[in-house]
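Q: Respectively, the protein sequence lines represent chains V and H. Numbering of the first sequence is given in this note's numbering, commencing with residue 12 and proceeding in unit increments. Numbering of the second sequence is given in this note's numbering, commencing with residue 5 and proceeding in unit increments.
These are computed hints drawn from the structure, not numbers from a lab. No experiment lies behind these values; they were computed from the predicted model shown. The beta carbon of each residue, even a glycine, is placed where N, CA and C say it ideally should be. Check before you lean on any hint, since a few could be wrong.
Unchecked claim - Beyond 10 Å from chain V on every Cβ pair, some chain H residues (computed):
id, residue
1, P244
2, G258
3, R287
4, V300
5, T351
As the list claims (entries may be wrong) - Below, a sample of chain V positions facing chain H; criterion: calculated Cβ distance under 8 Å:
id, residue
6, L14
7, G55
8, R66
9, H69
10, P79
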Amino acid sequence: MALLPDQKIDCLGLFCPVPILKTREVVKQMSPGQVLEMISDDPGSEADVKSWSARTGHHLLEVEKHGPVYRFVIRKTG
Amino acid sequence: MAPSTGSSSERPDSRRSATPATRVYLDYAGFAPVDPRVVAVMRPFLEGGVGNPSAPHSLGLESRAALDSARAKVARLIGGAAAGVIFTASATEANNLAIRGPLQRVAGGHVVTSAVEHISVINSCRDLEKRGWGVTYLPVDGTGRVDPAAVEGAIRPNTALVSIMAANGEIGTLEPIHEIGRLTGPRKISFHVDAVGAAGHVPLTVDEHGIDLVTLSSNDLYGPPGAGALWVRPGVKIAPLVVGGGQEGGYRAGTENLPAVVGMGVAADLARTEGVGEAGRLRELRDRLIAGLECVEGARLTGARGDGRLPHHASVVVAGVKADSVLMELDLRGVAASSGSACARSTGEPSHVLRSIGCGREEADGSLCFTLGRWTTAAEIDVLLDLLPGVISRLRRLAP
């Protein structure tokens, strides 16, 4: 069953670095353990989000691709 | 017309007014002071007595003549036809026009570019991908150079455009434009060159290099910010991104920014007549700087050496320090420099250029970029080289 996110952001139409900047802003406001869903159609966003979550330690729970659109599910760590 | 006022030895006021305490300015690629001779020619276009270039009255006709003259000067810098110059508000806009322009005309196709292009080229290519185009991002060698044989290997029957920069702004490496131009010409593929870092510093002529589209920036030629240009070879078809009243041959609507465009024209003329001599002087300063930087413990040059590198560019990665801390310490001591990429600074990720040449995250964190220019002196280089080793060893001692 898909996780129900606490927050969602829509980055369709935007390009690097904007999806990561928006993700960072929203995650900063969230509480540890909460889950964010971000969608993006930037072809570079998969690499960017993976790199960003590896560096910051937030858990990248899911990466799905539906046609050109990526869906990322990220859990904020403490 | 040769500008008559001012002289290149005179330092522009803007150089100091930005940061009053700055005595040593080594961020010319970030922002170049506008040459006082350019300002002198722009002044009447800001102070009045000038009309809209599209207006029917005599003031408009004078403006039209000034616009055409600027177009001819910009074209002359790259040895192209004046009619091919489309003025834009920035080099980023020109890169967008060169790459996203064709998609308005063609339903789908393929583009070959490199992994180390400016972000405006990379994101324009990603936009094409979203619309069903194929894009090949070629890897580079350890110095950031694209292999022309890889370009040839990536070309497909539906390749419409090859876009490779003339020189990398972050690591200074010159790309093999000449060899790539020989591949695209006979195959009737358009060849776009982002020449922002290279124009005015290294020779670049469109016919000799087989180039069809060239991106130029006014400020990188010591002209005013807020102006750029795309040169398009007559006969190469693109489509406008901005439509309206048909200015710039219909390729870029909107009333022309005449003061900035006139300034860019003068700047291009100065770059054409003085650029080669200036490059020799800058190359000596650059080599003095690189030699000094390589003496700093844990510092490693990024990008190519010697003739494979922009004459005014030095970049290093320094182990065990954060670039931001080094730059702050230098700034406190009156030295302005950069880390190479504003985009990477905003996300905290290593820049795509440093990743492409194999720098790990920690190494990329210590990336420093020094760009020299028309008013740089040997004394400025020596001030930096005196300060830097002490700043770095102090920061290393403070590091956890």
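Q: Confirm or reject: P244 (chain H) is not an interface residue toward chain V, with every Cβ-Cβ distance exceeding 10 Å.
A: At about 20 Å from chain V, P244 (chain H) clears the 10 Å cut-off, so the statement holds.
Q: Classify the label on V300 (chain H) as holds or violated, using whether its beta-carbon is more than 10 Å from each beta-carbon of chain V.
A: holds, 26 Å
Q: Over 10 Å to the closest beta carbon of chain V is the bar; see if T351 (chain H) clears it.
A: The claim is violated: T351 (chain H) sits with its nearest Cβ about 4 Å from chain V, within 10 Å.
Q: Have a go at the P79 (chain V) hint: is there a Cβ in chain H nearer than 8 Å to its own Cβ?
A: holds, 6 Å
Q: Hint check: is the beta carbon of G55 (chain V) less than 8 Å from a beta carbon of chain H?
A: Cβ of G55 (chain V) sits 6 Å from chain H, so the hint holds.
Q: Once the closest CB in chain V is found, is it more than 10 Å from R287 (chain H)?
A: holds, 34 Å
Q: Do the numbers back the hint for H69 (chain V), that is, is its least Cβ distance to chain H under 8 Å?
A: Because about 13 Å separates H69 (chain V) from the closest Cβ in chain H, which is outside the 8 Å limit, the hint is violated.
Q: Does G258 (chain H) sit more than 10 Å from chain V, CB to CB?
A: holds, 23 Å
Q: Is the interface hint satisfied for R66 (chain V)? The criterion is a beta-carbon contact with chain H at less than 8 Å.
A: holds, 7 Å
Q: Regarding the hint that L14 (chain V) lies at the interface with chain H, is the smallest CB-CB distance below 8 Å?
A: Result: violated, 25 Å to nearest chain H Cβ.
Against the hints set out earlier in the document, violations occur for numbers 5, 6, 9.
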